[in-house]
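Protein chains: 4
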Amino acid sequence: MATIAFIGLGNMGGPMALNLVRAGHTVRVFDLNHDAVHAIAEQGAIPCPSSCGAAAGAEVVITMLPAGKHVRGLYLGESGLLETVAQGTLLIDSSTIDAESARVVAEAARKKGLEFVDAPVSGGTAGAAAGTLTFICGGSDDGFAQAQPILASMGVNIFHAGAAGAGQVAKICNNMLLAVLMAGTSEALQLGIQNGLDPKVLSQIIKVSSGGNWTLEKYNPCPGVMDSVPSSNGYQGGFMVDLMCKDLGLAAHTATDSGSATPMGSLATSLFRLHAAKGNGRRDFSSIFEQFEQQNNKQG
Amino acid sequence: MATIAFIGLGNMGGPMALNLVRAGHTVRVFDLNHDAVHAIAEQGAIPCPSSCGAAAGAEVVITMLPAGKHVRGLYLGESGLLETVAQGTLLIDSSTIDAESARVVAEAARKKGLEFVDAPVSGGTAGAAAGTLTFICGGSDDGFAQAQPILASMGVNIFHAGAAGAGQVAKICNNMLLAVLMAGTSEALQLGIQNGLDPKVLSQIIKVSSGGNWTLEKYNPCPGVMDSVPSSNGYQGGFMVDLMCKDLGLAAHTATDSGSATPMGSLATSLFRLHAAKGNGRRDFSSIFEQFEQQNNKQG
Amino acid sequence: MATIAFIGLGNMGGPMALNLVRAGHTVRVFDLNHDAVHAIAEQGAIPCPSSCGAAAGAEVVITMLPAGKHVRGLYLGESGLLETVAQGTLLIDSSTIDAESARVVAEAARKKGLEFVDAPVSGGTAGAAAGTLTFICGGSDDGFAQAQPILASMGVNIFHAGAAGAGQVAKICNNMLLAVLMAGTSEALQLGIQNGLDPKVLSQIIKVSSGGNWTLEKYNPCPGVMDSVPSSNGYQGGFMVDLMCKDLGLAAHTATDSGSATPMGSLATSLFRLHAAKGNGRRDFSSIFEQFEQQNNKQG
Amino acid sequence: MATIAFIGLGNMGGPMALNLVRAGHTVRVFDLNHDAVHAIAEQGAIPCPSSCGAAAGAEVVITMLPAGKHVRGLYLGESGLLETVAQGTLLIDSSTIDAESARVVAEAARKKGLEFVDAPVSGGTAGAAAGTLTFICGGSDDGFAQAQPILASMGVNIFHAGAAGAGQVAKICNNMLLAVLMAGTSEALQLGIQNGLDPKVLSQIIKVSSGGNWTLEKYNPCPGVMDSVPSSNGYQGGFMVDLMCKDLGLAAHTATDSGSATPMGSLATSLFRLHAAKGNGRRDFSSIFEQFEQQNNKQG
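Chains as they are written, first to last, in my numbering: chain A, 1 to 300; chain B, 301 to 600; chain C, 601 to 900; chain D, 901 to 1200.
Keep in mind that the hints are not guaranteed to be accurate.
Here are a few chain B residues that face chain A, going by a calculated C-beta distance under 10 angstroms [what the hints assert, rightly or not]: (1) 457; (2) 481; (3) 492; (4) 496; (5) 516.
Below are the DSS-like pairs computed for lysine-lysine, each with C-alpha atoms no more than 25 angstroms apart in a straight line [unchecked claim]: (6) 1118/D with 578/B; (7) 246/A with 578/B; (8) 1118/D with 1107/D; (9) 818/C with 1107/D.
Think of the hints as simulated: they come from the structure by calculation, not from any bench.
Note that beta-carbon positions come from the ideal geometry of N, C-alpha and C, so glycine has one too.
Kindly produce the complete structure, drawing on both the sequences and the hints.
Have a look at this one:
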């Protein structure tokens, strides 16, 4: 069992840290939100007065923050974590941020002789609570080997995508494609519906045909086709449109940096932003299905 | 065993008719191409001088033609099949055509007291030869029940999508979504590659994550990731870009008729047409992957 | 002055026929809608009991119908106009229809020794009433030369785009581009607004810069920037979303026929259909501007 | 006449500084490229050993740099220009950079009591040489009033778009729309050509119709339609695809920051990146026209 500093106790970080506690690790926690710290301290974590305080004496530091600027701010600079942690400390950032920030921090860590692993997650708050997250990691083979058993207390699938930043790149490639699948599946189902087909029957046919994809298998966007998915629960819960928009913004950033053309992903981005702009930001992302509905069965 | 007229002995129709012969049916065939007729006659089919000649005395008529206008031309009109076939003849059209033509012929058949089933296929020439096609059918419950055992000699999955025309609608919904999956997966893999990832690793990760879809499972578009797929064979064989463009044209037609918005499918259509216009019409459709390649790793 | 048969007295055809009456022509009219016939008969037109009745004895026939199937139905067939009009009659179809139908009718007319000119219009009901329409014509030089003075009673700009069908093609190229301009200008203005700019100032700058286009010059989609345009009148009047969708459907049809890739036009098509599907079909097409609005200045 | 420091003597900055010299200003110049400094020093500018050296004693500082990070790096920080220039110095940045960087520098300048104007240009190297650039400015009314007479030595149209950063926002709104116009016009012309129309005739018609826009008026992308434009000169000269891609990357950045949906602009971005990726980065941006060409008149 290890001594682990966990910094960032939001909707995801809180339950993740709790799973580390339950696995028997010594978990030192910090967040600007006192209530979040208090809640997990009651479950056995050790509250600390600052990030550096939490990291002092820890063998592993895990961070879960909103954006690249927060990660850079925490690790870099004169009073940053890289200056204060002990040699041999393993650094894991599970935030979903731009790949460039991940690479910059990893390179600064390398110069200090520290292993830094970018390890963004998927699986949502439900996966965080259940300890069934997916981690997609970037970093050296050594860093990944050290991180894996720690991450195994919080997740099930733990991938090594490549060198520093590769975890972030792989995650946004996946999530950009997910946005394409969800938008594309929604419009295909609506095209069928608007031409008289039953969405249950159509979903069954496509699911086992060449149009088959994760959304039809696990997350059908059409209300009433599958039980226990957000579309059958008023699009509550799940993965919020705003979070998808955040990931798609990171994809746009990465594509611009590499000069990559992503026509399908960019269009899905626009569709999700249009959807968010109409007040749907906090609904599940499969609610994009509604964008393709016709108020009457024909325009006009 | 039944007496079946089979009209249209092209790359798909030829091997389909042959599987009916092998299953023990009496198969009466016609095609404007004498060589095609001759080839299957050598295998036991009965060559006929005309469509109506083939249909005379048949219990089932199966047609496999290029486009809606051919299907209308063959079934409708004063000397059309609907005027000449015997009462009780089951009519099955396996052509991939616009849903409206299928509905028009089905309605004309209904007025004559005949069952007409639209039953477009997927699975390509390999599936036709192997007898492993998928049939997606539209028509009445009775018509479908009669068609199913006949189709079972040529295919494995036989779906009933709904009423007349529903087979055509379901097929183009599926194939439009397939085009979206292939274009979206290609650009996501290229985005990863252009940011330093190994496409094999990235494919493995996405395949079991929320970006998972048929193209990653069965038909990876990146050369060298999977064996025995067109991308690892110079994009030869498989499903031609021109045929995908044909199906996407039918999808555009259907969407216009119902006033449906299909932004993702329409963009995929444009990408495939751009690809075809550069001389790739006869290559496998997964070659769309090459459209996203950078000659140098950065533009300029 | 000529004797002219005018068939199709809808929102456009009615005022067009009236301008011919006012110019001194003898105008024989027919429409299935008796009220429409009655209204223009009171202004001096001669009501006729049928299309062929109207055309009998006319030197010129002008038709203004909803779709290609109506035009084919009227001109072709055993009792069609081509069979009944006198030699030397000039045929002008001002309907906006698919180019293929225009070419089919023109070819049938040519075989009868008749000149047929496709002459779709732009300018809307206001232009029809004021006699300031634009006609974009396809047909032979002779046919165009004969049509021009007749059309000059109803319009100002009269273009000869090329051979049969070219009028329809040119019109849909223009209108597809117009949809692109309107959607693109709307999102560019909204991007500015959402980043703190005044749409009046931004419109002024772009209008005289390289982003300048007809919508900024004549038809600004942002309420309050220009007077006397639909956007400053609750998007009433002008060119309805449903009619733009109709023209974009024709563009899709034409692009499919020629295998042309029209990514920008296809995306604009999807955006206008999404807009129509939300109940905006009968509002002016510049209301697409509202699709890009953010309920709050940020998503979420 | 003023003493002006000009920093950044590239393809644009060099001729701009020269126009200031010719207008009679005392111009102190710096660039890392000694040849560029030497060339303009021969025309009467005063070479300086550093940016701060050039700025010492200048009443106005003008900067022309590649990207936001260079602008931040030059103005901000302990040895940045904001720390070294005299009170009352007017700061003008004519670089095309992200609006956020412009706002950050402007705010830092404001805290020092300095006026900072973002003043990106359009008009290309030809406009820079001829002194006919367009400047689109952001900043206070006072700052703009002071900048205007200086900029008038280098350009003709000088706009005040709004507060700090507004110049950058307005420029990228314009250029994003320009990309939409160029791509949309190209595909509309190709659709016409692929359906038998003469591009000269079609251009004439659309130019005076509702599809009219700057590209048809000044910069027709189809070879042979207009003289003296890049399309009639092998797409040499003009505005490079790579530079358009740079501006479109800034537009993507701005849209992500404000959560704005820009479907048309994003699609144009993808089309220009695809074009760049095929080796066209250094050709004029109107060469996007070639992307829509069909090798044969039909796919396949």
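Status of each hint after checking the structure:
Because the closest C-beta pair between residue 457/B and chain A is about 7 angstroms apart, less than 10 angstroms, the hint holds. For residue 481/B, the suggested interface contact is upheld, since its CB lies about 6 angstroms from the closest CB of chain A, less than 10 angstroms. The beta carbon of residue 492/B is positioned within 10 angstroms of a beta carbon in chain A (closest approach about 5 angstroms), and the interface hint is therefore held. Given hint, residue 496/B at the interface with chain A, holds; its Cβ is 7 angstroms from that chain's nearest Cβ, closer than 10 angstroms.
Hint status for residue 516/B relative to chain A: holds, with the closest Cβ pair at about 9 angstroms, below 10 angstroms. Only pairs whose Cα atoms come within 25 angstroms are accepted, and residue 1118/D paired with residue 578/B is rejected, the gap being roughly 29 angstroms. This hinted pair does not check out: residue 246/A and residue 578/B have alpha carbons roughly 36 angstroms apart, beyond 25 angstroms. A distance of roughly 10 angstroms separates the Cα atoms of residue 1118/D and residue 1107/D; the hinted pair therefore holds under the 25 angstroms criterion.
About 14 angstroms separates the Cα atoms of residue 818/C and residue 1107/D, which keeps this hinted pair within 25 angstroms; it holds.
The structure fails hints 6, 7 (numbered hints given earlier, in ascending order).
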